[in-house]
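J.: Chains L and E supply the protein sequences, listed in that same order.
Residue numbers 1 to 267, in full-length UniProt numbering, belong to the letters of the first sequence in order.
Residue numbers 1 to 267, in full-length UniProt numbering, belong to the letters of the second sequence in order.
FYI, nobody ran anything at the bench for these hints, they're computed from the structure.
Predicted model, so just to flag it, every value in this text is computed and none were measured.
Hints are not guaranteed to be accurate.
For chains that are exact copies, the list does not tell them apart, and a pair is met inside one copy or across any two.
What the hints assert, rightly or not - The list that follows gives simulated cross-link-like pairs (lysine-lysine, BS3-like), each with its CA atoms no further than 27 angstroms apart:
{"no.": "1", "residue 1": "LYS59", "residue 2": "LYS203"}
{"no.": "2", "residue 1": "LYS51", "residue 2": "LYS2"}
{"no.": "3", "residue 1": "LYS108", "residue 2": "LYS2"}
{"no.": "4", "residue 1": "LYS261", "residue 2": "LYS108"}
{"no.": "5", "residue 1": "LYS191", "residue 2": "LYS108"}
{"no.": "6", "residue 1": "LYS203", "residue 2": "LYS108"}
{"no.": "7", "residue 1": "LYS15", "residue 2": "LYS51"}
2 protein chains.
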Amino acid sequence: MKPAGPLSLNTITLKPWSLTQVIEACARHGIPGISPWRDVLQAMGVEAAAKQIRDAGLKVTGLCRGGMFTVGARAAAIEDNRRAIAEAHAIGADCLVMVCGGLPQGSKDLPGAREIVRDGLATILPEARAAGVTLALEPLHPMTCADRSVLSTLGQALDLCDELGEGTGVAVDVYHVWWDPDLARQMVRAKGRIAGFHVCDWKVPTTDLVFDRGLPGEGVIDIPAIRAMAETSGWTGGVEVEILSNHWWAQDPEAVLREVKARHAFC
Amino acid sequence: MKPAGPLSLNTITLKPWSLTQVIEACARHGIPGISPWRDVLQAMGVEAAAKQIRDAGLKVTGLCRGGMFTVGARAAAIEDNRRAIAEAHAIGADCLVMVCGGLPQGSKDLPGAREIVRDGLATILPEARAAGVTLALEPLHPMTCADRSVLSTLGQALDLCDELGEGTGVAVDVYHVWWDPDLARQMVRAKGRIAGFHVCDWKVPTTDLVFDRGLPGEGVIDIPAIRAMAETSGWTGGVEVEILSNHWWAQDPEAVLREVKARHAFC
Numbered sequence: 001m002k003p004a005g006p007l008s009l010n011t012i013t014l015k016p017w018s019l020t021q022v023i024e025a026c027a028r029h030g031i032p033g034i035s036p037w038r039d040v041l042q043a044m045g046v047e048a049a050a051k052q053i054r055d056a057g058l059k060v061t062g063l064c065r066g067g068m069f070t071v072g073a074r075a076a077a078i079e080d081n082r083r084a085i086a087e088a089h090a091i092g093a094d095c096l097v098m099v100c101g102g103l104p105q106g107s108k109d110l111p112g113a114r115e116i117v118r119d120g121l122a123t124i125l126p127e128a129r130a131a132g133v134t135l136a137l138e139p140l141h142p143m144t145c146a147d148r149s150v151l152s153t154l155g156q157a158l159d160l161c162d163e164l165g166e167g168t169g170v171a172v173d174v175y176h177v178w179w180d181p182d183l184a185r186q187m188v189r190a191k192g193r194i195a196g197f198h199v200c201d202w203k204v205p206t207t208d209l210v211f212d213r214g215l216p217g218e219g220v221i222d223i224p225a226i227r228a229m230a231e232t233s234g235w236t237g238g239v240e241v242e243i244l245s246n247h248w249w250a251q252d253p254e255a256v257l258r259e260v261k262a263r264h265a266f267c
Numbered sequence: 001m002k003p004a005g006p007l008s009l010n011t012i013t014l015k016p017w018s019l020t021q022v023i024e025a026c027a028r029h030g031i032p033g034i035s036p037w038r039d040v041l042q043a044m045g046v047e048a049a050a051k052q053i054r055d056a057g058l059k060v061t062g063l064c065r066g067g068m069f070t071v072g073a074r075a076a077a078i079e080d081n082r083r084a085i086a087e088a089h090a091i092g093a094d095c096l097v098m099v100c101g102g103l104p105q106g107s108k109d110l111p112g113a114r115e116i117v118r119d120g121l122a123t124i125l126p127e128a129r130a131a132g133v134t135l136a137l138e139p140l141h142p143m144t145c146a147d148r149s150v151l152s153t154l155g156q157a158l159d160l161c162d163e164l165g166e167g168t169g170v171a172v173d174v175y176h177v178w179w180d181p182d183l184a185r186q187m188v189r190a191k192g193r194i195a196g197f198h199v200c201d202w203k204v205p206t207t208d209l210v211f212d213r214g215l216p217g218e219g220v221i222d223i224p225a226i227r228a229m230a231e232t233s234g235w236t237g238g239v240e241v242e243i244l245s246n247h248w249w250a251q252d253p254e255a256v257l258r259e260v261k262a263r264h265a266f267c
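Extracted from the complex, chain L is given alone in its bound form (with noise of 0.2 angstroms):
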């Protein structure tokens, strides 16, 4: 099976670092893509973030995130996807990641929830495409049902995208698809609109539903195989690596950096 393609570094991966740092060891490393967390870019300003990314010549391969739809009042949601596709537009991102929220506060109504996400996605949608800034919808593990993302298989995702058409695509994390019993069917349906392709392991046991994922190589996904799909299905973006882990963000960045590297082999 031929290399990987190009890293891309997730800041989320570095947390305890700032986005400045992050794009400094990118630099040093010979990382050339970068995706940011909206949470670092908003910290450095975004003009800031915008001009260190493009002198230190990093593709940036997402901003994450946009989406919690179903997460407090709707008008500030929609308000806030807003900032996130200007932002996404002033850094020059490949696409913004949607995590699209969980069910409601208080609610068990899982169709319900998922009409939110849609009629959210529909609005914002005019202005993404204004922008040129690709939705990337990224299904979430089922596990993160409950108080994540109602949107929960690549099919899902992949029905969405046909139903709002362009200006949509799917991120495909392996985290969350690797288990999908009708994953491979997916990703062949998915040709031409995979805008995203994250990296991290299933660590056996994971002890956290949210932060306990592995680099890749600590786990049982078979990274190289997902990725020979998504290849096939005209992905030539690389592999981004989003590793969210109490482990690793324990650890010194500069070394996660290095292992991060060294485990571009597994992917």
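Based on the hints, put chain E in the right spot on chain L.
T.: Here is chain E on its own, set in the frame of chain L:
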């Protein structure tokens, strides 16, 4: 919506108790059904248990569990499943619940693991048919894919039923399927093939991937909606309460039992 059908008590809900104690409790509380796990059944002795269950007039809604085809040597797994079929027959269980097993130790070959499961089921099916024991394929939540069940969705379970034919069915546990965007369609497809209906609840937050289930009403699952789908597909067997919970196991079983009965109304 009409009330849920009769209760059945899965013995693991009252883990601190022996099978004898659970049988006595069902009789004492007027709970008409029981579903033993094999460890407590074997600890009591299959013949003695069969007699006491019969004398108490309890319906046996299932035996937990066969499966685990991917764990250890294949021949040993098949042999253990043969014993499970014999035990299910001996206690007059409506079905043998199949928890099929995760990835083999050290493996990342998920399609291969799914082949092992299919082959294992096909191997034991003739004996199950001869014994009149339905193999109830239970899809487990995708978060258990690595270490408990590569059978992850109801659609996948029904595909296996289609392939294997007579003598197979599905066990629907709301905890494992509630998140599935394809659930309504698959529940229609399950018509006449539902062999067990298990209830518990998804807590927010959930702090353990296996042992943090809630009693009905403690969480966010719309249990009556899923029950209605099952009933539309011909299910008349009531609700089996199966709670794996470090929290509830630490309480007085008699108090847990009262709570289970009170929460029948949330099913």
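J.: Failing hints, ascending?
T.: Checked against the structure, the hints that fail are numbers 1 and 2, while the rest are satisfied.
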